[in-house]
Amino acid sequence: NAGVTQTPKFQVLKTGQSMTLQCAQDMNHNSMYWYRQDPGMGLRLIYYSASEGTTDKGEVPNGYNVSRLNKREFSLRLESAAPSQTSVYFCASSVRTGNTGELFFGEGSRLTVL
Amino acid sequence: AQKITQTQPGMFVQEKEAVTLDCTYDTSDPSYGLFWYKQPSSGEMIFLIYQGSYDQQNATEGRYSLNFQKARKSANLVISASQLGDSAMYFCAMREVGNTGGFKTIFGAGTRLFVKA
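Those protein sequences? They're chains D and E, same order as listed.
Numbered according to the working numbering, the first sequence spans residues 1 to 114.
Numbered according to the working numbering, the second sequence spans residues 1 to 117.
The following block holds chain E by itself, in its conformation from the complex:
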């Protein structure tokens, strides 16, 4: 069954430093996708980065990179050069093909990141 685990309820990082947010997953579907979303205090959900299960290289989007270790079933988010605006809730998510076709996406519990000045 699909499962996403984020074991860090909260993380602190100093401004301008890098931080890694952990995510592990479980699925029996060989074709799946992994996402990270950001939720600032205003509440909207913002897509950050995507990694497909067949992608050979780790995904990168600006200051965000996804450390994809398929054998370990982990998909950690690395934020480089943290900024105060990075303070938010971060969710790892996984999509696989559902029973009725199409994508079914589930989320982890989230990690709240605090960036200190």
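Isolated chain D, as found in the complex:
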């Protein structure tokens, strides 16, 4: 059972380059999320998608764009990468309402911007 799958696991970019982080879940969850994790700052919400066709900003959306391609897939794009975007990125999914709303996480993607 794959759960939440993120690609790539590791990426090194030069300042100004663009890239897309891909995320897919096979749990039939409506809601998907992108977080970044930096030392001492916990996980900060970048964008989330409550359901297919909707996206909303989180705590730190600047410099990022997202696409909810379908119910399974939620991508995060860095149009012009900056060193401040060096981080570990986590994708997560959950049910939309009801239940606890527990997050199911991918393994993380480590991005370094030089």
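These are calculated hints, taken from the structure and not from any lab test.
Please note that the accuracy of each hint is not assured.
[Unchecked claim] Mimicking DSSO-like on lysine-lysine, the simulated pairs with C-alpha atoms at most 27 Å apart in a straight line are: (1) Lys57(D) with Lys73(E); (2) Lys57(D) with Lys3(E); (3) Lys38(E) with Lys16(E); (4) Lys57(D) with Lys38(E); (5) Lys14(D) with Lys71(D); (6) Lys3(E) with Lys116(E); (7) Lys116(E) with Lys9(D); (8) Lys116(E) with Lys16(E); (9) Lys70(E) with Lys3(E); (10) Lys38(E) with Lys73(E).
Chain D is already provided as a structure; the job is to place chain E on it using the hints.
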């Protein structure tokens, strides 16, 4: 606005003793949920325990319990009988309903727990 605060960057506990990790929160949504997640050095996020804002009793899951004090807006995690494998980063999180419906979950900065043999 949603806010989660964890004021203990690091904690030490002796093996087999209990430890409390602090978490305070702020929200204007009357319906919210509180979580604790564990992140070992391997990096994966592991769900530990959940407390709903309307739950009357404190949540428990094995050696984990959540000390929910609604009036104080605190949701402390208690780990009983600590084990060496409990050494990890612990995150408190809160979910509320977002602008577009569905859940929006934010996290605190985390507490790193060290269990001493």
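Q. For this structure, which hints from the list above don't hold up?
A. Hints 5, 6, 7 contradicted; others consistent.
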